[in-house]
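Visitor: Mind docking chain B on chain A? Use the hints.
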Amino acid sequence: MLKLTGAILLILGASLLGLSLAGRLTERTRALRAMIGALDLVERELTFHLASMPELLQRVATSAAYPADCFFRRCLTELDHLGEQSLEEIWIKALPELGQLDENAAAVLREVGGVLGKYDWENQRACLTAARVRLEECFHQAREEQRRMGRVYGTLGVTAGVFFAILLL
Amino acid sequence: MDREEVRFFQAAALLPPPLRRAVETLPAQEAVGVEELRLRVGQAPCVSVGEREWSPAGCRSIAVTVQDLAAVLEIATQASTHTALERVRNGFFTVRGGHRIGICGSCIIQDGQIRNLRQISSLAIRVAHQISGVSAPIRTQLVRQGQLKSTLILSPPGGGKTTLLRDLICAVSNGDGMPPRRVGVVDERSELAAMWEGQPQLEVGRRTDVLDACPKGMGLLMLLRGMNPQVLAVDEITAPEDSAALEQAANCGVILLSTAHGDSVEDLYSRPLYRRLLEGNVFQQLVLIERKNAARTYRVLELEAAQC
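Top to bottom, those sequences are chains A and B. For the first sequence, the working numbering gives the first residue as 1, with consecutive numbering after it. For the second sequence, the working numbering gives the first residue as 1, with consecutive numbering after it.
Bound conformation, chain A alone:
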């Protein structure tokens, strides 16, 4: 009976591990998709409203999809401490709100943080457009990886669980 319980726990544990790894891939894809949409909003706010940074962050925080909304909300909150830290530092510190991004996507977003609010709107817009294109590439790669590896992680988790359970029994 004890062995059976152990075997079930092994299968469950390993399956959950596999599913959690697959879930991380899903989260990453979702964060990238949300940020692409949010940067599009930022670009429009800059181009059509010439919005100041507090207005812009407020509007994007309200309209963007999860988890980009959390990211912009945190930037907005931290904007009260401007002077003690620059907008670029605030932006970079808020990146963990987007979960685990791959290095390429994180680098693109750090670059955006270095440009936002520092130049005229045309230059900021050019940077945002370029960033969106690069993020879309990251998104396609992430989605492909999610499609391939998501199932692999899930299956591997269950299979490993079953394998160890058989060994145990």
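Each hint should be verified, as a subset may be incorrect.
[Claimed, not checked] Now the in silico label distances, taken between C-beta atoms and shown as ranges:
# : chain 1 : residue 1 : chain 2 : residue 2 : range
1 : B       : Phe9      : A       : His140    : 51 to 57 Å
2 : A       : Thr155    : B       : Gly198    : 57 to 63 Å
3 : A       : Arg151    : B       : Glu86     : 36 to 42 Å
[Said to hold, decoys possible] Now the stretches of chain B that chain A is said to cover, found in silico as 3 or more residues with beta-carbon under 8 Å:
# : stretch
4 : 69 to 75
5 : 78 to 91
Simulated from the structure, these hints should not be mistaken for laboratory data. Note that beta-carbon positions come from the ideal geometry of N, C-alpha and C, so glycine has one too.
Guide: Chain B only, in chain A's frame:
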């Protein structure tokens, strides 16, 4: 803490924390009168009152860096350079509280126009001061048959034209000493109302609509078409298109308030732009600001009388 002291601390809050703490060591009685905070790369921060400029005790060991100046601009624009850039090209921009930041650096020229400033070398933060009630002694003289007449304020630069105009706008708008009127203000350089997030930072009265950062000629016509003003106010008429818009407004029966650089009525008549306005009866009276020692005196002249 009195209002002037609050304004000083409001201006000091535009500095990054180490500089702010240093500047705030200034004794309260001196802080009240401070007109400007001056930051120059490599030198200690200074404050100025009139022609006197000095470094407060807590600032003398500090040398301002390029990063400090960049931080001031970031704080002042709330990390939104793009919103202030057009005004930066004019050499200054207005921030919350009505304070003005003047900028010096290397100009980037494109197509014969200043595109931006790089390598910022110094900043002058002019602390906003509002002097209320300066128009009180002349208000009754400006009203004839119960009606304010179109008025042009005349003085040499630095004579207090904008201060008088702002106070007059406030009085007309609130109905102090004259019938209350709806006032439209075109504030091209944000000097009259110092708008910030939709609110005037300097008192311009309850019935005042402000069109901010808009070229004067264009703004006068926009207000005329859209806001149905009874009085239109604009600072420093200098271009023919401004003058043409004023003429058009005068033909619509709107009362005009404006200012001009000049020493005397003769001086005005010697310049074609103003001669046309005066001969066209766009303004019915002049206010001459004269300085005797440190005191300012105001003299109201009816234009028909002035011409004789």
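Visitor: If you test the structure against every hint from before, which numbers come out violated?
Guide: Number 3 only.
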